[in-house]
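Visitor: Letter by letter, the chains look like this.
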Amino acid sequence: MLTATLNSTIYDANIEAVLLKIEGLLLTSYRLSRRAIAVLLLQGDEEIHKIVAAQDQKNYTHIQQLIDQTQAGYSESLHFLLSLQRQKKASFLSQQVMSTSKELDPSLGEHLSRLTLRPLTGIPILLLVIYYGLYQFVGVFGAGTLVDYLESGYEATINPWINGLIDSHIPWLVMQELLGKEYGILTLGVRYAVAIVLPIVGTFFIAFSIIEDTGYLPRLALLVDRVFKSIGLNGRAVIPMALGFGCDTMATMVSRTLETTRERIIATLLLALAIPCSAQLGVILAILASQPLALAVWAGFIVLVFLIVGFLTARLMPGERPSFYMELPPMRWPNWRNVVTKTYTRMQWYLLEVLPLFVLASVLIWLGNITGAFQQIVAWLEPVVNWMGLPDETTPAFLFGFFRRDFGAAGLFDLYQTGLLNGTQLVVTAATLTLFVPCIAQFTMMIKERGLKTALAIALFIFPFAFLSGYVLNWLITITGIKI
Amino acid sequence: MDCCPPKSKLTFQRLKKALRIQQSNEKIDFHGQNKLILVGTPNVGKSVIFNSLTGAYVTVSNYPGTTVEVSRGKTRLTGETWEVVDTPGMYSLMPITEEERVTRTLLLEEHPEIVLHVIDAKNLERMLNFTLQLIEAGLPIILVINMMDEAERLGIKIDFKMLNTLLGIPVIVTSATRGHGLNLLKNAISEYQQTSSLGRSVNQYANRYA
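As given, the protein sequences belong to chains A and B, one line each in that order.
Every letter in the first sequence is one number past the one before it in the numbering used here, and letter 115, counting from 1, is 115.
Every letter in the second sequence is one number past the one before it in the numbering used here, and letter 60, counting from 1, is 60.
I should point out that these hints are in silico values taken from the structure, not numbers from a laboratory.
So the derived label-pair ranges between C-beta atoms look like this:
no.: 1; chain 1: B; residue 1: Thr105; chain 2: A; residue 2: Ile158; range: 47 to 57 Å
no.: 2; chain 1: A; residue 1: Leu456; chain 2: B; residue 2: Thr165; range: 54 to 64 Å
no.: 3; chain 1: B; residue 1: Thr105; chain 2: A; residue 2: Gln71; range: 19 to 29 Å
no.: 4; chain 1: A; residue 1: Ser77; chain 2: B; residue 2: Gln194; range: 40 to 50 Å
no.: 5; chain 1: B; residue 1: Asn183; chain 2: A; residue 2: Ala299; range: 46 to 56 Å
no.: 6; chain 1: A; residue 1: Gln64; chain 2: B; residue 2: Ser190; range: 40 to 50 Å
no.: 7; chain 1: A; residue 1: Thr100; chain 2: B; residue 2: Thr165; range: 18 to 28 Å
no.: 8; chain 1: B; residue 1: Gln194; chain 2: A; residue 2: Arg31; range: 15 to 25 Å
no.: 9; chain 1: A; residue 1: Gly24; chain 2: B; residue 2: Asn164; range: 25 to 35 Å
no.: 10; chain 1: B; residue 1: Asp149; chain 2: A; residue 2: Ala17; range: 39 to 49 Å
no.: 11; chain 1: B; residue 1: Glu80; chain 2: A; residue 2: Thr100; range: 34 to 44 Å
no.: 12; chain 1: B; residue 1: Gln194; chain 2: A; residue 2: Gln64; range: 37 to 47 Å
Which stretches of chain A does chain B cover? Using the computed rule of at least three CB atoms under 8 Å from a CB of chain B, they are:
no.: 13; segment: 27-34
no.: 14; segment: 86-94
Everything numeric in this text was worked out from a predicted model, so none of it was measured.
Glycine is no exception: its CB is placed at the ideal position from the N, C-alpha and C atoms.
Taking the hints into account, I'd like the entire structure generated from these sequences.
Guide: Okay, here's the thing in structure tokens:
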């Protein structure tokens with residue numbers, strides 16, 4: 001069944017002889033075959049070296065000598081050499097069993113694939129995807145039409161009904177405020193989650209699942225590889241970044257696929273700082289959509305921050321620079337069943353995660369309110385907020401933002417509807433909220449993936465940085481005299 | 001720096017629960033069951049095969065590197081319960097990234113009855129390299145040549161019977177997203193199990209000859 005003949009013909013005679021010698025020196029038993037252990041030893045696999053050094057102590061020095069002697073006979077590394085010889089064998093095998101019957105005309109998918117990769121055509125395509133997929137579908141339809149409908153419905157029908165029920169059934173003011181009134185679980189927590197965040201996230205997940213299923217993302221990765229390299233990331237990092245627009249928590253987890261620790265840290269930092277999540281993005285799009293200039297200033301500022309911080313971190317952080325290698329999957333029509341399942345599972349996950357947290361946030365705010373802590377923190381934050389040229393009323397939105405990014409954005413949406421903020425203030429609040437601390441879930445994931453120290457360092461950097469940026473943006477807008 | 005304090009997994013577990021996947025480091029009692037591990041480079045369809053074997057849902061996407069965690073599920077084949085393990089992508093037996101290390105540790109520490117090496121039919125030449133390493137390692141391999149529909153569209157034909165003879169391991173051809181070949185795969189798994197339980201672990205076999 002397993003062919004000893006196959007094994008004996010993979011490598012050249014010299015290597016084979018060395019492998020046999022090493023195999024003979026391995027006296028204890030391993031989970032993998034002796035042959036595989038010998039090959040990995042020759043290739044310089046550190047983990048296997050450690051295991052063998054521990055298990056076969058007596059012979060290990062001898063094995064090490066054998067490896068060194070063998071290496072001395074070649075100019076290339078043994079790792080490269082063995083891989084090459086194995087690849088020769090693989091090529092030989094595949095030539096024997098595989099045939100390409102005809103030269104097919106490149107399909108429509110391939111044409112499209114090429115167009116997405118060339119900067120000249122790729123950038124317009126990217127802009128189209130952003131315009132229709134994000135701006136029109138998520139921003140205008142999801143965050144505009146759907147949210148308007150649900151939100152005004154909720155406020156006009158459900159809130160009065162809940163408050164009425166509470167008034168007539170619950171005599172204690174404290175309990176009334178927990179469930180209803182201004183910051184209650186049902187009137188604020190559930191409303192934010194269901195009427196503001198859900199339609200935005202829902203439309204985003206639909207758009208994202210479609211884009212994802214076509215195989216567009218890896219092409220985007222190749223397209224922006226050059227930009228990313230200048231900030232110390234390879235194009236592969238596009239995927240966590242793109243996922244970040246869905247949910248930064250999920251994206252932080254996926255940053256694990258990056259090759260070097262350095263890249264993972266840079267990606268984690270940028271995700272926490274400059275990538276808005278879908279709900280946040282949707283709300284911001286909805287608020288600023290009526291003023292294209294405001295939207296442009298916001299987007300330009302965030303991109304600028306992303307590039308500057310990325311660039312500086314890449315300069316400051318020691319470590320090797322990554323090389324890029326990525327498999328390009330075929331460009332294809334999205335499979336609708338895939339899109340539906342993906343959207344569904346993401347929504348399910350999101351709701352399970354988001355609802356309890358929104359409720360928790362309501363409870364905490366309620367607790368803060370009755371103990372006076374909420375007012376105290378608001379009072380501390382107010383000078384900072386005023387310093388950025390914003391009115392006191394924006395402070396709670398920042399506090400909300402700490403619980404969840406989207407919660408803060410939803411708070412901002414509330415403010416926007418009251419018409420309290422002028423154009424500049426809207427832009428400054430939106431930008432600061434985008435940069436502002438990662439939400440609790442994302443922070444937890446940062447600790448899990450990067451360790452407590454790194455996570456804390458990132459959060460401590462972001463907190464003052466966001467407010468400073470808000471100040472700078474306000475100052476820039478004032479000094480340049482842009483009328484928003 | 002990449003290691004994780006176990007306390008901070010709350011959100012994560014909720015996510016896992018939502019996806020109906022059991023967390024890898026939870027001790028689940030799979031005692032006395034057959035174990036099957038899926039390995040292969042990213043984006044070859046491991047998760048699609050995992051889903052169709054177990055009926056669970058793991059995120060499937062058209063870009064490499066979606067699976068960053070080990071997922072486990074159960075399936076029944078010809079009256080026996082199998083634990084099925086989906087792994088992050090892996091390019092070779094010698095790991096470079098964190099996820100690859102996870103997969104190798106899994107191969108080193110668990111005792112799979114079967115390892116399914118899933119490869120992309122369009123890139124046979126490059127992917128057989130890893131197959132050779134797995135065979136070298138003496139692991140009980142079934143080779144699954146997936147995405148055959150896409151390869152056929154490019155005019156590629158593969159003589160899988162011949163490959164079977166040359167490699168000396170079972171070779172199955174599938175187009176998992178369309179559900180083609182999955183029954184053949186299930187049969188191959190049951191068959192493999194029956195034959196290898198006669199000669200017991202292939203691992204020992206390989207070691208004897210090494």
